[in-house]
Amino acid sequence: MKPFPQPGATTLLVVILSTCLLLFVFQKIIWIVLPVLLAMMLYYILRPVVESLVAQGMHRGAAVKIVCLTQLVVAGSILVLALVLLSKAGSWQTSLDRYLAGGENLLSKTTLSLEKVSPMFKNMNLSEKVDDQHVQDFRDEFVAKNLLPITLGLLEWLPSLLLVPYITYFMLNDSMRLKKYIIKSVPNAFFEKALLLFSRLDDSLQNYFQGLLLLTFLDAFCLGLGLEVLGISHAIMLGLACAVLAWIPYVGSIIGCIVVVLVAATDFPDQTWTAYACLALFLAVRMLDDFVFLPMTIGRKLNVHPLLSVLMLFLGATVAGATGLFLALPLFGVMAVIGEAVAQVVADQGLRARHRAARQLAAAAQPV
Amino acid sequence: MRFFSADTNSEKVEMLQRIPIFHTLNRNEILEVNELLHERVYEKNEIVFEDGDAGHGVFIVVSGKLRAEPKQKMLKAALLDIGPGESVGELALFDEGPRSATVVAIERTVTVALFQAEFASLLTKNKNIGVKVLMEIGRIISRRSRQILRQEEHLPTL
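If you read the sequences in order, they're chains Z and E.
Residue 328 in our numbering sits at position 323 of the first sequence, with consecutive numbering throughout.
Residue 157 in our numbering sits at position 158 of the second sequence, with consecutive numbering throughout.
Warning: the hint list may mix true and false statements.
What the hints assert, rightly or not - Straight-line alpha carbon distances no greater than 30 Å define the calculated DSBU-like cross-link-like pairs of lysine-lysine that follow:
hint, chain 1, residue 1, chain 2, residue 2
1, E, 43, Z, 70
2, E, 43, E, 64
3, E, 70, E, 126
4, Z, 184, E, 11
5, Z, 185, E, 43
6, Z, 184, Z, 33
7, Z, 185, E, 124
8, E, 124, Z, 93
9, E, 64, Z, 185
10, E, 70, Z, 70
11, E, 70, Z, 184
12, E, 43, Z, 189
13, E, 124, E, 43
14, Z, 198, E, 124
15, E, 64, Z, 198
16, Z, 198, Z, 70
17, Z, 70, Z, 93
18, E, 131, Z, 189
19, Z, 184, E, 64
20, E, 124, Z, 189
21, Z, 70, E, 126
22, E, 64, Z, 70
23, E, 70, Z, 114
24, E, 11, Z, 189
25, E, 70, E, 11
26, E, 126, E, 43
27, Z, 198, E, 126
28, Z, 185, Z, 198
29, E, 43, E, 70
30, E, 131, Z, 70
31, E, 126, Z, 33
32, Z, 121, E, 124
33, E, 11, Z, 114
34, E, 11, E, 43
35, E, 11, Z, 198
36, E, 43, Z, 121
37, Z, 189, E, 64
38, E, 131, Z, 184
39, Z, 185, E, 11
40, E, 131, Z, 33
Bear in mind the hints are in silico, worked out from the structure with no lab data behind them.
Hey, can you work out the whole structure from these sequences and the hints?
Given below as C-alpha cells:
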C-alpha cells in the first residue's frame with residue numbers, strides 16, 4: 006500500500022492556529038454554538054438508542070420521533086424546574102448571604118487555627134484581615150450588582166436552548182442525508198479520503214461526547230456518594246452540578262469545589278473538619294478523574310498529548326475566555342483530524358494529479 | 000427547496016433492485032440501503048482508484064463501463080470490464096488493504112459507492128439487510144476466486 010505521509014510541525018501549527026481562530030469566531034456567536042454543541046452531545050447520546058430501536062425492526066422515522074418525544078418530556082421537566090428556581094430568585098439573596106456567612110465563618114476559624122499552629126501566620130495577622138469589612142463589602146456588592154444580571158442572563162439563554170431539541174431531531178433524522186449532500190460536492194479523486202475523514206470525525210465526536218457523559222456520570226456518582234456519607238444536604242444534586250461544572254476544565258472544578266465547601270461550612274458551622282473532608286473528597290475525585298477516569302474515557306479517545314491539551318486550554322482561555330476553555334479540547338481534536346486528512350491530500354501528488362486530469366476530462370466532456 | 004430530502008424516487012429503487020448485490024432486498028430495505036450509497040459520475044478515461052491505493056469501499060456500476068487493469072496476470076480473468084450491475088473493490092469492505100488493480104472509466108460511467116464504515120454500521124444496525132448484502136458480496140467474491148483458480152488451472156474439476 007502507498008504510505009501516507011505523516012503530518013509534520015507545520016500541520017500542527019496550522020491546526021492550533023485554526024482552532025484559535027474558530028474559538029474566536031465561536032465566542033462571538035456563542036448563542037448558536039452552545040445549542041448546536043448541546044444538540045450534538047444529545048445526538049451522540051441518543052443515536053445508539055435510535056439504532057437499537059431500528060435494529061429491533063422499528064422504522065427509523067418512528068424511532069427518531071419516539072426518542073425525541075422522550076427527550077422533549079425530559080427537557081420540558083428541566084425547563085419547568087429552571088423556571089421554578091428563577092421564580093424564587095428573590096430568596097437567592099438570603100441563601101447566598103447564609104452560605105457566604107458560612108464560608109466566612111470557616112475562613113476565620115481556619116486562620117485562627119493556622120495562627121495557633123504557626124507564628125508565621127500570626128505575624129501576618131490573617132484573622133484580622135479576614136474579619137475586616139472586605140468580605141461583607143464583597144457580599145453586598147456582589148448581590149446588588151450581579152444577581153439581577155445573572156438572572157436576566159439565564160433568561161436570555163432560554164430561546165437559544167429551546168433550539169436544542171429541534172436541532173437534535175433533525176440531526177437524528179437527516180444526518181446521513183446531510184453527509185451525502187456534503188460528500189456530493191467533493192471531487193472524485195478525494196471522494197474516498199473525504200468519506201474516511203467523515204468517518205474519523207464521527208468517531209472522534211462520538212467518543213468525546215460519550216466519554217464526557219460517562220465521565221460526568223462517574224464524577225457525579227463519586228462526589229454524590231462521598232457528600233452523602235459526609236452528611237451534606239442535597240448531596241446528589243451537588244455532585245451532579247459539580248460534575249457538569251467540570252465540563253469547563255479547571256475553572257469549573259474550582260467553582261464546584263468552592264460551592265461544596267460553602268455548603269458544608271454552612272451545614273456544619275461548628276465542625277470545620279466536614280468542610281476540610283469535602284475539600285479532600287473533591288481533590289481525591291479530581292485525582293481519580295485525571296489519572297483514572299479521564300484517560301479511560303475522553304483522553305484515550307481523543308489521543309491528544311497532555312502537554313498539547315494544557316497548551317490548548319491556555320490558548321483557548323486567552324482567545325475566548327470560558328467559551329475557549331470549554332471548547333478548546335474537542336475543537337482541537339476535530340481540527341487535528343481534519344488537518345491530518347488535508348495534509349495527506351496536499352502531500353499526495355498522485356491524488357492531486359488525478360484530480361487535475363479529471364477536471365480536464367470533465368471540461369472536455371462539456372458540450373461546446 | 001429541500002437540499003437533502005429523502006430520496007424515494009421509484010425509478011432509482013427499481014434501478015437499485017436490478018443490481019445483483021441488492022436484488023434480494025425489498026423496497027423498504029432498498030430505501031434503507033440507498034441512504035448509505037454515494038452516487039459518483041466518472042468521465043471517460045477518468046481513474047476511479049489506482050493499484051496500491053488504500054481501499055475504503057465498493058463501487059457498483061449503474062450505467063457505463065469501467066475497466067480494471069491489474070498488474071498481476073492472475074487477476075486479469077476475474078477483472079476486466081465491469082458493466083452495469085457489476086461491482087469492483089468488494090474486498091475493501093472487509094479491510095483497508097491496497098487495491099489490487101487500477102480501475103478506469105472507459106465511457107461516461109455512473110456508479111454508486113458503499114463505504115466500509117457504512118457497510119459495517121449496516122451489519123450491526125440492520126442485520127436482515129446486512130446479511131442479504133453480505134451473502135451477495137460473498138457470492139461475487141467466491142465466483143471471482145473460482146474464475147481465477149480455473150484460469151490458473153488450479154481447480155480444473157470444480
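A quick look at each hint next to the structure:
Under the criterion of a C-alpha separation no larger than 30 Å, the hint pairing residue 43 of chain E with residue 70 of chain Z is inconsistent with the structure, at around 45 Å. A C-alpha spacing of about 9 Å is found between residue 43 of chain E and residue 64 of chain E, which places the hinted pair at or below 30 Å, so the restraint holds. As the CA atoms of residue 70 of chain E and residue 126 of chain E are separated by approximately 36 Å, the hinted pair breaks the 30 Å bound. For the given pair, residue 184 of chain Z sits about 19 Å from residue 11 of chain E by alpha-carbon distance, which is consistent with the 30 Å threshold.
Distance check on the hinted pair: residue 185 of chain Z and residue 43 of chain E sit about 24 Å apart at the alpha-carbon level, within 30 Å; holds. Using a Cα cut-off of 30 Å, the hinted pair residue 184 of chain Z and residue 33 of chain Z holds, with the two alpha carbons roughly 27 Å apart. With a CA separation close to 19 Å, the supplied pair residue 185 of chain Z and residue 124 of chain E stays within the 30 Å bound. Taking the CA atoms of residue 124 of chain E and residue 93 of chain Z, the gap is near 47 Å; set against the 30 Å cutoff, the hint is violated.
Taken as a hint, the residue 64 of chain E and residue 185 of chain Z pair is honoured in the structure, with Cα atoms around 24 Å apart against an allowance of 30 Å. A threshold of 30 Å between alpha carbons decides the hint, and for residue 70 of chain E with residue 70 of chain Z the separation of about 52 Å lies outside it, so the pair is violated. Restraint check for residue 70 of chain E and residue 184 of chain Z: not satisfied, since their Cα atoms lie roughly 35 Å apart, outside the 30 Å limit. For the hint pairing residue 43 of chain E with residue 189 of chain Z, the CA-to-CA distance comes to about 19 Å; that is within 30 Å, so the pair holds.
Restraint check for residue 124 of chain E and residue 43 of chain E: not satisfied, since their Cα atoms lie roughly 37 Å apart, outside the 30 Å limit. Among the hinted pairs, residue 198 of chain Z with residue 124 of chain E is consistent with the structure: their alpha-carbon atoms are about 24 Å apart, no more than 30 Å. This hinted pair checks out: residue 64 of chain E and residue 198 of chain Z have alpha carbons roughly 23 Å apart, not beyond 30 Å. In summary, the hint linking residue 198 of chain Z to residue 70 of chain Z is not supported, as the alpha carbons are separated by about 33 Å, beyond the 30 Å threshold.
For the suggested pair residue 70 of chain Z and residue 93 of chain Z, the alpha carbons sit about 34 Å apart, so the restraint of at most 30 Å is broken. Annotation: proposed proximity of residue 131 of chain E to residue 189 of chain Z holds, straight-line Cα distance about 27 Å (limit 30 Å). Simply put, residue 184 of chain Z and residue 64 of chain E have alpha-carbon atoms about 27 Å apart, close enough for the 30 Å limit, and the pair holds. A distance of roughly 24 Å separates the Cα atoms of residue 124 of chain E and residue 189 of chain Z; the hinted pair therefore holds under the 30 Å criterion.
Of the supplied pair hints, the one linking residue 70 of chain Z and residue 126 of chain E holds, its CA atoms being roughly 22 Å apart against a limit of 30 Å. With a CA separation close to 42 Å, the supplied pair residue 64 of chain E and residue 70 of chain Z exceeds the 30 Å bound. Of the supplied pair hints, the one linking residue 70 of chain E and residue 114 of chain Z is violated, its CA atoms being roughly 83 Å apart against a limit of 30 Å. The straight-line distance between the Cα atoms of residue 11 of chain E and residue 189 of chain Z is roughly 17 Å, inside the 30 Å bound, and the hint therefore holds.
Under the criterion of a C-alpha separation no larger than 30 Å, the hint pairing residue 70 of chain E with residue 11 of chain E is inconsistent with the structure, at around 35 Å. Taken as a hint, the residue 126 of chain E and residue 43 of chain E pair is broken in the structure, with Cα atoms around 37 Å apart against an allowance of 30 Å. Between residue 198 of chain Z and residue 126 of chain E the CA atoms are separated by roughly 27 Å; this keeps the pair inside 30 Å, and the hint holds. As the CA atoms of residue 185 of chain Z and residue 198 of chain Z are separated by approximately 14 Å, the hinted pair is consistent with the 30 Å bound.
Pair hint residue 43 of chain E plus residue 70 of chain E holds up; C-alpha atoms about 21 Å apart against a cutoff of 30 Å. Distance restraint check for residue 131 of chain E and residue 70 of chain Z: the Cα-Cα separation of roughly 28 Å lies within the 30 Å cut-off, and the hinted pair is therefore satisfied. Pair hint residue 126 of chain E plus residue 33 of chain Z does not hold up; C-alpha atoms about 45 Å apart against a cutoff of 30 Å. For a cut-off of 30 Å, the pair hint linking residue 121 of chain Z to residue 124 of chain E is broken: about 67 Å separates their Cα positions.
A distance of roughly 78 Å separates the Cα atoms of residue 11 of chain E and residue 114 of chain Z; the hinted pair therefore is violated under the 30 Å criterion. As the CA atoms of residue 11 of chain E and residue 43 of chain E are separated by approximately 23 Å, the hinted pair is consistent with the 30 Å bound. The straight-line distance between the Cα atoms of residue 11 of chain E and residue 198 of chain Z is roughly 26 Å, inside the 30 Å bound, and the hint therefore holds. The suggested pairing of residue 43 of chain E with residue 121 of chain Z is violated, with an alpha-carbon distance near 90 Å, which exceeds 30 Å.
Using a Cα cut-off of 30 Å, the hinted pair residue 189 of chain Z and residue 64 of chain E holds, with the two alpha carbons roughly 21 Å apart. Distance check on the hinted pair: residue 131 of chain E and residue 184 of chain Z sit about 25 Å apart at the alpha-carbon level, within 30 Å; holds. Using a Cα cut-off of 30 Å, the hinted pair residue 185 of chain Z and residue 11 of chain E holds, with the two alpha carbons roughly 16 Å apart. For a cut-off of 30 Å, the pair hint linking residue 131 of chain E to residue 33 of chain Z is broken: about 50 Å separates their Cα positions.
In terms of the numbered hints stated before, the structure departs from hints 1, 3, 8, 10, 11, 13, 16, 17, 22, 23, 25, 26, 31, 32, 33, 36 and 40, listed from lowest to highest.
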